[in-house]
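**Student:** Sequence:
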Amino acid sequence: MTDTSGLGSEFERFRVTFFEECNEILSDLETHLARVQTEILDGESLNAVFRAAHSIKAGAGAFGYTQLVHFTHDFEALLDRMRSGELSQTDRIAQILIRGGDVLAELVAAAEAGGASPADLGSDILDEIHVLLGKDSAVTDTDGGLFEDAGDAGDAGGQIVYSIALKPNPDLFRNATEPLLLIRELRQLGELEVVCDWSALPPLERMDPENAYLAWDFRLTTDKPKSAIEEVFEFVDDTCGIVIEEAGPSSTAVDAGSPDAAPAPTMADEAAPDPAPGAIASPHSPPSSAAQSGTASPPPAAKGGGQGSIRVDLARVDRLVNVVGELVITQAMLAQQIVDLGLGNGRQQIRGNDELASLTRELQECVMAIRMQPVKSIFARMPRLVRDLSSKLGKKVRLSTSGELTEVDKTVIEELADPLTHMIRNSIDHGIEMPADRLAAGKVEEGTIQLSAAHVGGNILIQIADDGAGINRPRLLQKAVEKGIVPAGAQLSDEEIDDLIFSPGFSTAAAVTDISGRGVGMDVVRRNIVNLGGRIQVQTQPGLGTRFTLAIPLTLAVLDGMIVAVGKERYVLPLTSIVESFRPDRNAVRRLAGGVEVVSIRGEFVRLVHLNRVFDVKGAVEEPWNGLVVLVETAGGQTVGVTVDELIGQQQVVIKSLADNFDPVPGISGATILGNGRVALILDIERLATMAHRPAPARSPNEPVPQHLDAAE
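In my numbering, the protein residues as written are 4 to 716.
To be clear, the hints were calculated from the coordinates, so they are not data collected in a lab.
Misleading hints may appear alongside valid ones.
To be verified - Distance condition first, Cα-Cα at most 30 Å in a straight line; then the derived DSSO-like pairs of lysine-lysine: (1) LYS482 x LYS446; (2) LYS413 x LYS482; (3) LYS413 x LYS446; (4) LYS413 x LYS379; (5) LYS659 x LYS413; (6) LYS446 x LYS399; (7) LYS379 x LYS621; (8) LYS379 x LYS395; (9) LYS395 x LYS482; (10) LYS659 x LYS571; (11) LYS379 x LYS399; (12) LYS571 x LYS621; (13) LYS621 x LYS659.
Unchecked claim - Here are the computed distance ranges between Cβ atoms for each label pair: (14) LEU323 x SER91: 16 to 26 Å; (15) GLU368 x VAL682: 18 to 28 Å; (16) GLY546 x SER230: 27 to 37 Å; (17) ALA420 x GLN494: 19 to 29 Å; (18) SER48 x ASP563: 50 to 60 Å; (19) LEU396 x ARG605: 16 to 26 Å; (20) LEU323 x SER230: 20 to 30 Å; (21) LEU317 x GLU407: 41 to 51 Å.
Backbone N, C-alpha and C define an ideal beta-carbon position, used for all residues, glycine too.
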C-alpha cells in the first residue's frame, strides 16, 4: 500500500510556489501594460506580455483554476493576434489590455485566497475580446477537456499530420510542470492521437513518486503551422526531449480496411479518476516509429555558460545569514584575542587574521546578496495606482520611474510598499494640480511624478518628486497653530515648516475624502521608515513641486556603527546618523529655564542627551566638558548632542533583536556582540532625540548658567 500522507503537503508546496511565481509575473505584466497608454508596444513587449499570460494559464490549468484558465485563454488569444499583426494597437485595445491585466490580477488573488470569484468577473472584457476575435460567446467548457471548440478540424482541407515525441526529464514534476496540460493545449490545435510509452516505468518498490517515467508519442492533424506546435512546448523545452516531425498531408480517403485507418490509442478523458483500458498502450506493444527510431532523444545537456536558478525557502536564507553573522562575531573575537595575548607582532598571525577577516567579509556580502531583490516589484505596482487615482480625481498624471533594478534586502522591500503607496497618493492628491489650474500657471496639463532608486554608500536612496504646486507654507503653519502643534507667533525656518507634514493627526486638506484629509498617513510613513533604520526628508519649491527623499540601509542584518564608551558600558551609534564629535568648552554648556541642557556650537544651541543619566550608568564621566559630545541627526533633520566618555572606534556589527527576551527599552533598538565578547546596546537615535527634551538633574551652585535663557530656548 502506497503511503500518500505527504501528497497533500507536497501539493500545497507547489501551490504556494505557483502563486509566488504568479505575483512575480503579474508585476512584470503590469510594467509592460502600463506603457500602452503612452506608446505602441513593440514585438518584444507583446511577446513578454503573451508569455506572462501563457505561464499563468499553464499553472492555473494544472491546479484546476478553470475560471482563471478561461479568461487567460482569450486574453492570450488577443495578444497572439496582435503579435501576428492581425490586430493593431488602438486606444480601445489599450484599455482592454489594461483592464484585462487588472482582472487577471483579481482572479489570481481570489484563487490564492481560496475563495470563489464572481462568475461574471471580467465578462465585459471577454465580450469585447470576442468581438475583436470574431467569436460569438465566451468559452464555457468546464468538463476537464478544455477549449474543445478549437479542437476537431479533421475534415478540413489542407491539413498536415505531425508526429511528436515527448520524453520528459525525471525532475519534470519538481519544476511544477503538468504533462496533461500540454496535451490539452495540443488538442486545441486539431485532431490528436496519443500513445503513452511506459517502458521506463520501474518496479513499484523502486519507484520514486516525484520522478517522471512516462513518455508520449502524438499524432496531430492540424491546419496550424509547425510554429504553433513549438509554442506549446516553449516553456518545457529545457526539461523535456521534444521532437516534432511532419508526417505528410492529411488524407480523408483512407481505406477503412487499411491499418492506417485505425486510430492510435488515445488519452482518456483527463477528468476520469482512472484511465480506460485503451488509454495507454500496452508495455509489450511496439513503440511508435518516432520512439523506435530514437527520435525521442534524451534531454539535452545544459548549455555551457547558461544561468540557472533555484527557489529556496526564506527561513533557510535567514538561518544562513544568522550563522554568517555569528562567524563575523567569532572573527572579531579572534582578532581581539590576538591583541590581548600580545601576538599582534607576529607576521603569521597578522596575515592569517587579515585573510580570515577578508574572507569573512566576502562571505557575508555574498550571503547578504542572496536576500537582495530589486525594487522593481514595488515600482511595478505604482503605474496602476497613478492611473486609477488620477482618473478618479480628474487629473492628468504621468509616472516616470528609474532605478527599478536597484537591489535591497527583501525585508526592506516588504516594508516599503505601504509608505511609497501613500506618498504617491499624496503627490497626486495634494501636489499635482487640476489641468485647468496647471494651464493657468503656465504648465502643461499633464503633471509628472518621478520615482527613482539608487545606491548611495550603504543606503538605498528613493526619491518621489512631482512638478505640482509645492507645499503652501503659510497655510501649513496656520494649520499647525490651529491644532496646537506649534505655538502662535513661533518663528520657524522653511525646513521646519515643511517638516510639520509629518506631525501626527496633521492634514491641510480642505475636506475629508476617501483619499485623504484625515491626518493619518505621513507620520506613519516616517515611523515606518525610521523603523527600517532610515530617514525621510522633504524639499519643496512653491509653484514648482515637492521632492521626498528616503535613505534606508540596504539590510537590517548588519550595521556600520561607532562604538562609544560610557563608564564600563559600550553602546553603538549608527554611523549614518553621526554628524561630528567634539569636546565642548565648559562655558559652552548651558541649562535652559525648563532644566534642559544645551551646548553651543558655531552660534547654535543643540540639546544634550546624557547617556549615563538616561541608562543610569555608574562610574561614567559626569560633565560633558570632561568627555565628548557626538552630534547625531534624526530622520527629521533634528540635531542632538549625545554625551559619552570616549570613542572606541568604527565597526560593522551584527544586529541582534532584544524583542524575544526583554521588554522595550526607550532609546535602545537592538544589541550586538563585540570582538571581546561583550554585549553592546545599539542606540535608537529617534527616541534619544525625544529624551533631549527632558530636564536634567540639578547642578551645583557654581555651575555656569546662561543669563539669556529665553534666547537660547
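**Student:** Next, verify each hint and record whether it holds.
**Tutor:** Hints versus structure:
1. LYS482 x LYS446: With Cα atoms ~28 Å apart, LYS482 and LYS446 stay inside 30 Å; holds.
2. LYS413 x LYS482: This hinted pair is violated, its Cα atoms lying about 38 Å apart.
3. LYS413 x LYS446: Since the Cα atoms of LYS413 and LYS446 sit roughly 39 Å apart, the hinted pair is violated (cutoff 30 Å).
4. LYS413 x LYS379: holds, 12 Å
5. LYS659 x LYS413: holds, 18 Å
6. LYS446 x LYS399: holds, 12 Å
7. LYS379 x LYS621: violated, 50 Å
8. LYS379 x LYS395: Cα-Cα ~25 Å, so holds.
9. LYS395 x LYS482: Within the cut-off at roughly 27 Å; holds.
10. LYS659 x LYS571: Roughly 21 Å between the alpha carbons, so the hint for LYS659 and LYS571 holds.
11. LYS379 x LYS399: Holds: LYS379 and LYS399 sit about 24 Å apart, inside 30 Å.
12. LYS571 x LYS621: holds, 8 Å
13. LYS621 x LYS659: holds, 25 Å
14. LEU323 x SER91: 16 to 26 Å: violated, 51 Å
15. GLU368 x VAL682: 18 to 28 Å: Check passed, 25 Å falls within 18 to 28 Å.
16. GLY546 x SER230: 27 to 37 Å: Check failed, 57 Å falls outside 27 to 37 Å.
17. ALA420 x GLN494: 19 to 29 Å: violated, 39 Å
18. SER48 x ASP563: 50 to 60 Å: Hint violated: Cβ distance 41 Å, outside 50 to 60 Å.
19. LEU396 x ARG605: 16 to 26 Å: Given about 46 Å between the Cβ atoms, the range is violated.
20. LEU323 x SER230: 20 to 30 Å: violated, 44 Å
21. LEU317 x GLU407: 41 to 51 Å: violated, 22 Å
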